[in-house]
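Asks: Each chain, letter by letter, is given below.
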Amino acid sequence: MIPEWGMLSLVIALIFSGLLAILPSRFLKNKPEFANHLVNCYALGQFVFIGLSFSILAYCFLVDDFTVRYVMANSSLSLPWFYKLCAVWGGHEGSILLWLMILSFWTGAVALFSRSLTPSLKVKVMAILALISIGFSLFILLTSNPFWRQFEVLNVEGQSLNPLLQDIGFLFHPPMLYMGYVGFSVAFAFAMAALWEGKLTTTFTAWVRPWVLASWCCLTLGITLGSWWAYRELGWGGWWFWDPVENASFMPWLVGTALIHSLMMTQREHVFKAWTILLSIMAFSLSLIGTFLVRSGVLTSVHAFAVSPLRGLYILVFLSIVIGGALVLFALRAEKLMSQAKLYWFSKEAALMLNNVFLVVLTFTVLLGTLYPLIIDGLGLGKLSVGAPYFNSVFVPIMLPFLAIMGVGVGLKWSKTTVIVWYQNFKWLILASLVLPVAILMINQIQLVVLPLAALSLSFWVILTSIKACRLKHWGMMSAHLGMAVTVIGVCLSSYYGIELDMRLKPHESALLGNYNITFEGAEALKGPNYTGTQAIFKIDSGKDVHVIYPEKRIYTVGMVPMTDAAIDVTPFRDIYIALGEPLDEGAWGVRLYYKPFIRWIWAGGLLMFLGGLYAMIKRRPR
Amino acid sequence: MMKRLVQFSPLALFLILAVFLWRGLSLNPRELASVKIGQAVPDFIVPTFQQGMRFSSAELKGQVSVINVWASWCQACLEEQPFLLTLKHIPLYGLNYKDNKREAKAWLKEWGNPYVKVLTDREGALAINLGVYGAPETFLIDKRGIIRYRHVGVLTEAVWNQEFVPLIVKYEHQ
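Chains as they are written, first to last, in my numbering: chain H, 163 to 785; chain V, -1 to 172.
With the rest of the complex left out, here is chain V (with noise of 0.2 angstroms):
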């Protein structure tokens, strides 16, 4: 009887792990703070969707901005968009992280557009610097250009009083 217990532990093992496994092919894992937190953020050029402009990481210094990760395959992000829309007071970046160009402009065009400007990061390298783990992401970027808050998944109205707003009066006045 021992010995076929122990002839089995393997098995059950692997089935164990089988199960995690599968468990995380559905799961969402919303990653914990970024390690950049406190960071500066890492300097870059990258087109943005207005024909032929670039955006670089040296324009995000002298005022609080929030950069929010979306592409328009990402069915999370237009949960969170209507609440986008409602920001006014600070400007707000989007990345469009590993997405369509036309895809993404028409899903702008169809549901509003919240962003100032628009980011492509179609290998997702300059989310991969970041730290980003998936779409929606939104980072809080201070007047020096460093990474003072993360939030991964949908953006509500209540995440935003709880955490941005006081970070955002803070180093305002920095």
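Here chain H stands alone, though its shape is the one from the complex (with noise of 0.2 angstroms):
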């Protein structure tokens, strides 16, 4: 009976929300406190029956229900207890409950923590998520109940969770990605209210800041944690991929990073009001095409009948509701907000209003890129796909003057700055941002190349800058700031001067990958949990120390699946990253040799980017 109370309390938090919809904006007019009390116990109602159903699920994990269809297709006896809890979001219809869920948290907090807003705007609000989260329940009720069940006894063990999927990185990516999704569906209602009511105040911009951080936070968190997941366990040595399921969740960040930036100007100088609006639907509207994408099958996987054609029809028609609804509320109402400015072309707006402009050009860049295979095929111009040379050649390009600007943008004041006073105050930032990338490659006898180099300068220019500018105290900023420029510094130097070798190697044989003279030493057989295979022992002499580490080659026991886990030795300046391949003749293994300087930084910066959110979302502004 278990399962069944799952759907069945689904049910319920769908009469909640719908309840919430509409109930109380008919107390509005006449008691507005009881409207605010209805809100507070929908919402929590609401919050309660969807973590209750999503508990059941994760209980039939745990006690391995295998009539329930779902715990069958993603666990299996032999996941040890916390790779069920996985397995829970490892599907679709799991993961898809896991939004909902998370939507539910939003809207419960947004409940709680709004005091700030009138009872007219806050019933708006919630009326908006709820109409979100009633979508999402039918969608799940509708086309992907993952409660379904059959009662057939089989003698199985289950078809387990994909063994890539069986890290820790994927134990908290998924939900901090969603985390951020979601999160930006506060956003969108803030933006809708705000439509709604024909006005936007200063309180209400200020109030939805630490809302549009919070998401942003959990996204960069959950990007740097996917990176470093795919790092880690696909076995290429990659970190970014360009793949539409990376793009889908960099496109909200892009766009939620030109939110922040944007509010900033809104709240300050009260300007770009329709422009934030925009940008706040955007940023939602690229959640939910993301989750299409993902999940209708449309780029991934080819053969629409392979997934079920109603749930990508479901949520594209859902999609069109939503963002073609916000866009015709904002072709209609977005006058009221409009409003005249001038820009003085040396100033901090003018340097925001760029930011803003470069990132939205970038997450067209990416729509574009991710879209374009799409397109070309529904103009029946033939198929292609779009790879890493496609953003990797339009990226770079954009990101140059984008790092510049960022530098220029915080020594700027507000309204006007002198370009000659500026110029005084930052002439020996620009040399020394100029001289010492140059200074540090040669000193390490590093061959000088005139793009990395340009990405170094424009990083330390950005670095110094931000350093220059700790009086302001603005620690959230210079945190990001800085993670910016290290994440940049990352990826360029790794990028650059990487070293890849794909060998064959015997044991007691030696390579020699740049400066390191590596060993196999020998393989020997592996038994875990729940696989089998080899782990190989590899010798990294650097000349002054020596390091002993140990790549696998796992054969999953349930699906019979190989995998190839690499062994890294880290240093916070390279990783030195060894990857069985296939086992060759004469005791000798097919081995991938990989050379990464400074690739910890990626992630360094990615955290330090969200330490600046976090930081700036607690911190009281200053009114």
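I should point out that these hints are in silico values taken from the structure, not numbers from a laboratory.
Think of the CB as a built atom: it goes at the ideal place given N, C-alpha and C, for glycine as much as any other residue.
One thing to keep in mind: the hints can contain errors.
[Stated by the list, open to error] Listed below are several chain V residues computed to face chain H (Cβ distance under 8 angstroms; list not exhaustive):
1) 1
2) 5
3) 6
4) 8
5) 9
6) 12
7) 16
8) 18
9) 20
10) 21
11) 22
12) 23
13) 43
Given two chains presented individually in distinct reference frames, assemble the corresponding complex, making use of the accompanying hints.
Replies: Now the structure itself:
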């Protein structure tokens, strides 16, 4: 009976969402206090019952209830308990339920922490959130019910979680990402409410800022974790692949970043109101489109009938109602929010505006690259795929001026800065960021190449200007900007100065990787809880000290899936990454050896950005 | 007027996007040549339909062979199946993709089994490594276990004679 309770509580939650969407606004005119009270009750009810439903699904996984189809398809008896918990969101149905639960969590949080809002605004925000929740609840109940059962007694141990997903990174990666995606629903509801009211007050923009920052933080952390997971588990030594699923999380992040900056302008200078509203709509729309792309099978798995076509159609209709509706409202009402503003070209506003332009252009570049195969195919012009080369060649030229503006903008004043004064203040920093990278590369006897040198200079520029801005005590901004520069340094150095070798090694043979001498000591058999395989021993000799690492080749017992578990020797300044290929004759192995300088900086930067966002969220803004 | 136009532009952009997404739902994108062409088949060991038997990628070496990705849920696979039955001179392996074993076996019983061996890939993990986008897809593997050609969609006699036969002749004599 327990799985049926799960479904039942989902239905009850749906009723609560329906009530939340309709009822409180009826009492708004006569009894605003009562309306407020109703909103809180319904939001709580919705959260409790969706949470209950999710817990029941998790329980089914923990007790291996294979009468539930979803459990059978995504778990197995031999899976350790924490991976069973991960498996709850390892498949389609569960991940949508997670989506819904996080939405109800945000809705509940908004109910609790929005005393600064007038009842009328709060009721509107909550009604919008409830409508989105209704859409997703119906999606689960109609097309992807995780509690679907089968009562045939099957002598199986379950089909197990994809071994790729059996990793600590995956434990936190999807929930974090979803927290970010779904968190933008709050900004979306805010935008809708503002359009509905026809005005945008300062209290309202001040209210939405921490919510945007919170979801941006989750998204930053989620993307960082995802990239780290790809690097550890996929066995190719890459950390970003520009595949549709990654892009789906990256686009809302870019727009979210733009939104944080434009909110700052709207709040301080009362300009760009309509633009901020549009960005809020865009951030959530891109999250929804991302969900559609990942879940409908339009891009990842081609033959639409491999996935239920109903699901794709449902999301698309839902998408059109939500995004289309929002944009219609925007088209009709934005005029009320538009204002004439004069910008001086050398001011903080101008820099922030450029920041927004660049970020939105980047977003559209990624969107175009992601959808291009679909568009070309849709026009009947043929089939093609867009890969990393497109993204890299388009992204890099946009990133460079973006970094330059980032550094300049930090040092500018609101409304107007005199160029001469600015130059006097910053000329030494300009010089330092031009000279330092060259000097550092020369000292370490590294070849000078134009593009990485430019990226390094600009990163130094961002770092130096951020540090100089410390007297402003905007620690959040500082940390986030430093993080950006650190990530760029990591990306640039690891891709330009990394070394990759594919070779065949016999036991006790050595290979030279950069300045490191790597010896294959031998391989031995391996037995884990739910896998068997081979473990190899490699000695890394840098001339000064010796490290030993153990890459593995695992075969998971359920499904007999072979998996490469690369071993990595880590220091803050370089990784040595060794992955086993296939066994060859005479005890030899095909081996991949990678030398990746500064690769950890990519994720360190992500972490810095996250911390910066977190600080800005928690800190009270002086009014 | 100009202002109106600007205000409606996001909506217009989204509508265009939505049309393409909708088209995408009903499209059957036959993807490009696999990036894997010219590369070795990724190493794998998978269960086959014969009880207790496994198949490893090492067994592909030594002769030119064909791997056909199919599933019982796949309508197009049924279309190409009569042609597959006529292929006699080359080992044809079936890769049963994201399928239910019982249904797949029933399918083979009903329509006839063109394959020497049927490899199972329930989760589609092997298919991912091969770069498979959907079913049906057909791969030509040479004697050294290197992928030489990939055809997406229904395999017809015309495609076979035009694309596969010359390559088979070429790699047979290598």
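Asks: The structure should be examined with respect to each hint, and the outcome stated for every one.
Replies: Structure-based check of all given hints:
1. 1: 7 angstroms, holds
2. 5: 5 angstroms, holds
3. 6: The hint holds - residue 6 of chain V has a Cβ within 8 angstroms of chain H, the shortest such distance being about 5 angstroms.
4. 8: Holds, about 5 angstroms.
5. 9: Holds - the Cβ of residue 9 of chain V comes within 8 angstroms of chain H, reaching about 4 angstroms at its closest.
6. 12: Hint on residue 12 of chain V: holds, closest Cβ of chain H at ~6 angstroms, below 8 angstroms.
7. 16: Because about 5 angstroms separates residue 16 of chain V from the closest Cβ in chain H, which is inside the 8 angstroms limit, the hint holds.
8. 18: Holds - the Cβ of residue 18 of chain V comes within 8 angstroms of chain H, reaching about 5 angstroms at its closest.
9. 20: Since chain H brings a Cβ to about 6 angstroms from residue 20 of chain V, closer than 8 angstroms, the hint holds.
10. 21: Since the shortest Cβ distance to chain H is 4 angstroms, the answer is holds.
11. 22: Residue 22 of chain V check passes; min Cβ-Cβ to chain H is 4 angstroms, inside 8 angstroms.
12. 23: 5 angstroms, holds
13. 43: 5 angstroms, holds
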